[in-house]
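Asker: Can you build the whole structure from these sequences, using the hints too?
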Amino acid sequence: MAARGHELVDGLNSRQRALDAMYKFGPLIAKNGTLPPVIVEARDLAAFTPDQIRTANRVYKIEREERFVSVPPTWRDYLYVGLPVRQSVELPAFEARPQDDAEEKIWKKAVREGWADGYKQADAILEANFHRLTRDYTGMHLYSTLLQADMITTTRVAESQQTVTGDSKQMMLGDKLRRVTDKAQFVTDPGKWRPSVKRDAPKTDPVVKPPAQYPQAPAQ
Numbered sequence: 001m002a003a004r005g006h007e008l009v010d011g012l013n014s015r016q017r018a019l020d021a022m023y024k025f026g027p028l029i030a031k032n033g034t035l036p037p038v039i040v041e042a043r044d045l046a047a048f049t050p051d052q053i054r055t056a057n058r059v060y061k062i063e064r065e066e067r068f069v070s071v072p073p074t075w076r077d078y079l080y081v082g083l084p085v086r087q088s089v090e091l092p093a094f095e096a097r098p099q100d101d102a103e104e105k106i107w108k109k110a111v112r113e114g115w116a117d118g119y120k121q122a123d124a125i126l127e128a129n130f131h132r133l134t135r136d137y138t139g140m141h142l143y144s145t146l147l148q149a150d151m152i153t154t155t156r157v158a159e160s161q162q163t164v165t166g167d168s169k170q171m172m173l174g175d176k177l178r179r180v181t182d183k184a185q186f187v188t189d190p191g192k193w194r195p196s197v198k199r200d201a202p203k204t205d206p207v208v209k210p211p212a213q214y215p216q217a218p219a220q
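For the sequence shown, position 105 (counting from the first letter as 1) is numbered 105 according to my numbering, and the numbering increases by one without interruption.
There is no bait here: all hints are sound.
Dumping the calculated DSS-like pairs for lysine-lysine here, alpha-carbon to alpha-carbon at most 27 Å:
hint	residue 1	residue 2
1	LYS61	LYS31
2	LYS61	LYS192
3	LYS183	LYS61
4	LYS31	LYS176
5	LYS61	LYS24
6	LYS120	LYS105
7	LYS120	LYS108
8	LYS24	LYS183
9	LYS120	LYS109
10	LYS31	LYS183
11	LYS31	LYS192
FYI, nobody ran anything at the bench for these hints, they're computed from the structure.
Answerer: So this is what it looks like as structure tokens:
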């Protein structure tokens with residue numbers, strides 16, 4: 001997995017300009033310093049029980065709540081997660097290596113299988129990371145769309161400031177505190193909604209795709 005992880009990270013780095021242009025979290029941060037909640041949308045749902053059926057055209061859910069951030073996240077905070085970047089692999093101690101032809105045959109077979117499994121695992125990690133990145137990024141944009149339509153409330157933040165705080169061991173000047181007082185909530189009264197211009201979801205097609213075939217393990 002280390003070798004494939006190194007390849008994938010190199011691939012991401014070679015496309016960093018495209019990724020930087022595609023995923024811009026900075027403009028999404030509110031003036032109060034919070035990163036918007038992540039809203040997920042499902043369409044045409046149905047639930048069945050023996051005596052009833054329930055359907056819905058659309059279902060919205062707050063998948064991740066708003067939070068304060070010191071700096072905007074980037075695609076790197078998502079896509080690098082779980083990918084090993086060390087290409088070198090440490091071999092086991094000499095005593096644990098094959099000592100005859102029979103053991104060497106088993107060793108090489110296990111290495112080939114492990115190598116292929118590692119490639120698949122690294123690709124699966126990157127694919128999951130892309131899904132999470134796309135979900136969060138489009139979900140934050142969806143929050144903005146719903147907010148403009150008054151279908152969800154805005155995040156409210158309270159701020160307090162004291163000139164001097166502390167004790168005999170520590171003193172703080174200009175102590176400022178911000179805290180979320182009201183988190184975003186859906187407005188379930190349609191009479192309070194207002195029409196809004198429909199915006200297309202940002203295009204976030206992955207620019208790094210796993211290969212169709214996996215290369216062979218190096219000779220041992």
